[in-house]
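J.: Residue strings, one per chain:
Number of protein chains: 2
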Amino acid sequence: MSVFGPDNLPLGVFQYGDQSPRIGAALGDQVIDLTPLELSDTFAEPTLNAFLALGRPAWTSLRAALLELVRTGAVEPHLIPQSAVTMLLPIEVGDYVDFYASEQHATNLGRLFRPDAEPLLPNWKHLPVGYHGRAGTVVASGTDIVRPSGQRKAPDAAAPTYGPSQRLDIEVELGYVVGSPSALGQRVSVDDFREHVYGVVVLNDWSARDIQGWEYVPLGPFLGKSFATSISPWVVSLDALESAAVALPAQDPPVLPYLAGKNLVNYDITFEVRINGDLVSTPPYRDIYWSPAQMLAHMTVNGASVRTGDLYASGTVSGTEQNQLGSLIELTKAGREPITVHGKDYTFLQDGDEVTITAHAGDLGLGEVTGRITPAV
Amino acid sequence: MSVFGPDNLPLGVFQYGDQSPRIGAALGDQVIDLTPLELSDTFAEPTLNAFLALGRPAWTSLRAALLELVRTGAVEPHLIPQSAVTMLLPIEVGDYVDFYASEQHATNLGRLFRPDAEPLLPNWKHLPVGYHGRAGTVVASGTDIVRPSGQRKAPDAAAPTYGPSQRLDIEVELGYVVGSPSALGQRVSVDDFREHVYGVVVLNDWSARDIQGWEYVPLGPFLGKSFATSISPWVVSLDALESAAVALPAQDPPVLPYLAGKNLVNYDITFEVRINGDLVSTPPYRDIYWSPAQMLAHMTVNGASVRTGDLYASGTVSGTEQNQLGSLIELTKAGREPITVHGKDYTFLQDGDEVTITAHAGDLGLGEVTGRITPAV
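Order-wise, the sequence lines are chains A and B. Residue numbers for the first sequence follow our numbering, so the first one is 1 and each next one is one higher. Residue numbers for the second sequence follow our numbering, so the first one is 1 and each next one is one higher.
With the rest of the complex left out, here is chain A:
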């Protein structure tokens, strides 16, 4: 279990005994049961969506009120150990969009998937490339991941075969949770990011590379991704994350005006990826090429609306160093150069393996997302 400081107060949905699921805030290794504090009716709901729909002014005032109740100790009668509760999926997901915003990751994947071409495609520095994932298979941290089956074809094979994925992978990502909706036909400006986005989760976009490699032209990834996406249970607010904000790296070539802004930020977050407890990578978020405000502006530039509960993710976070790569396909050069886990050669996920991704921004914890692989059925 993660430990959360008194200025963080991330929100999540917990179940305690046979009581109804409801909303709590994390404080240290405790959950604050928010319902009896009577701050908002929305805290009795089984997802954060009703709270998220209240919008920025309510988020800010409720956070201030809760910070004060923590400071005065008024929350103490309502603390429950995190070890005594089950954390559920915090949001009912509307649409799930996955971006591809790490230059290092896009370059690495380009080299692996298209070895005979320029790794970074011509559009990549002009727009945050993204696609829609499957919202209905976004699952709570701790949910077992059944090894997916499907079609895959070796480059030299005449025809595809069917069977369990042999190249099951992770993708280390940051997910952004939309609170306030936008209207159909209206763009969201980069300056309105904080009006629409409530906070972040740690996200593992499980990926079956063999399935993905065969299916993905020309319409993009589908079954190689859609079997499961795990998110951390505690949604950390942008307000709490503000101390981790850093300026966005310079973008060259300059972006079109709808993607430009004076106050574009990124977050100085570091992930830690463990397989069966062994640390295998520490991807850094701060140098991601596209800011989350640009992702939101791009996603709505065509008039597409966002809804409360929409989730959009950064894409795999990879740094420049070998021990900063956010997927096994990168860490192992597509399986050709195994890494070492618990003293043994390791390429892709094996049945029974447990992957845990934690994240923090200095002292600010973002919690963890975890999942264990179970055999194909």
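I should point out that these hints are in silico values taken from the structure, not numbers from a laboratory. Treat the hints with caution; some may be incorrect.
[Said to hold, decoys possible] Distance condition first, Cα-Cα at most 27 angstroms in a straight line; then the derived DSSO-like pairs of lysine-lysine:
hint, chain 1, residue 1, chain 2, residue 2
1, B, Lys-333, A, Lys-153
2, B, Lys-344, B, Lys-333
3, A, Lys-125, A, Lys-333
4, B, Lys-344, B, Lys-125
5, A, Lys-262, A, Lys-125
6, B, Lys-333, B, Lys-125
7, A, Lys-262, B, Lys-153
8, B, Lys-262, A, Lys-153
9, A, Lys-125, B, Lys-153
10, A, Lys-333, A, Lys-344
11, B, Lys-333, B, Lys-153
12, A, Lys-153, A, Lys-333
Predicted model, so just to flag it, every value in this text is computed and none were measured.
Dock chain B against the given chain A, drawing on the hints supplied.
T.: Same frame as chain A, now just chain B:
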């Protein structure tokens, strides 16, 4: 308004005066207000989802009961003219998946988007290629379509520009509405198609070809599609459609066992596409390469679950003849060979244009989906 025979009884959500939205069945040019008939509590809901979640046995028995009430004339006190009601979005959409199941369309698009390569990619006859679309922008027939803006780049330009799409297009499709959910980690067999899918809608997958052409590598279509997808208001049940079922065309090479079945069907449906009232195309559905049962089996072969309200579409329906193509990009050879609409050369959609797609299977009407283009904002 479409006219529906007494054996069809498609379901939709209507609003009459200032009464709450609720569920009705179409009969001729009337709506049967189902709530006072007390067949099911779910008919008082503002979407079909609760009814859909009841599953196949309930769908069948409720249809039998309604057919009998129509036969005896017991519905007559509950008829409201369709002209007096507003039809709303019939379902709350879970995930929206768009397939690419017409061989003729995939071949035509391959030639236009990748002129230097084989038009049909190597995976196309081994699996029904598909991708996730944006569920939150599936809109009711009649909703105005705001011309999307975004990035596009001419092949010979050095950099992309921003502005309203100049190549706004339609895609004529059939949409399948999922009723009964499936469990995460479990495959749905081709034989269980009718247990999970309730019925069909006519679907127009509006497409901005210039935006799509620039953005779509390597992760597939995104903003070129996500601004709007329109569906017809009346969901025609598979039971009603059964009279239109035809054997699936032979598939060569043979498909993998999870896609094979003895009773795979297609539907002998013909679309009529009108722009400002002028008939421009009549795409035939019957020769679509992949059956909807195969699409469902493929979509879940990796263990992805389906939810009540999920919508999956065939992809653009195009026949072999010039007057059977299901998109303007095909009808006009990417704008190079205009068609004639109301006596004038015509390539892509202009502001103010109204597109109406109707569909029928012999005497069985599927109704219509319509939308008018409004200027970019």
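J.: Indicate, hint by hint, whether the structure satisfies it.
T.: Structure-based check of each hint:
1. Lys-333(B) to Lys-153(A): Cα-Cα ~33 angstroms, so violated.
2. Lys-344(B) to Lys-333(B): Holds, at roughly 17 angstroms.
3. Lys-125(A) to Lys-333(A): The given pair, whose Cα atoms are some 24 angstroms apart, holds under the 27 angstroms limit.
4. Lys-344(B) to Lys-125(B): Violated, because 39 angstroms separates the two Cα atoms, which is more than 27 angstroms.
5. Lys-262(A) to Lys-125(A): holds (18 angstroms)
6. Lys-333(B) to Lys-125(B): holds (24 angstroms)
7. Lys-262(A) to Lys-153(B): holds (26 angstroms)
8. Lys-262(B) to Lys-153(A): holds (26 angstroms)
9. Lys-125(A) to Lys-153(B): holds (13 angstroms)
10. Lys-333(A) to Lys-344(A): Roughly 17 angstroms between the alpha carbons, so the hint for Lys-333(A) and Lys-344(A) holds.
11. Lys-333(B) to Lys-153(B): Distance ~19 angstroms between Lys-333(B) and Lys-153(B) Cα, so the pair holds.
12. Lys-153(A) to Lys-333(A): holds (19 angstroms)
Hint compliance for this structure: hints 1, 4 are not met, and every other hint is.
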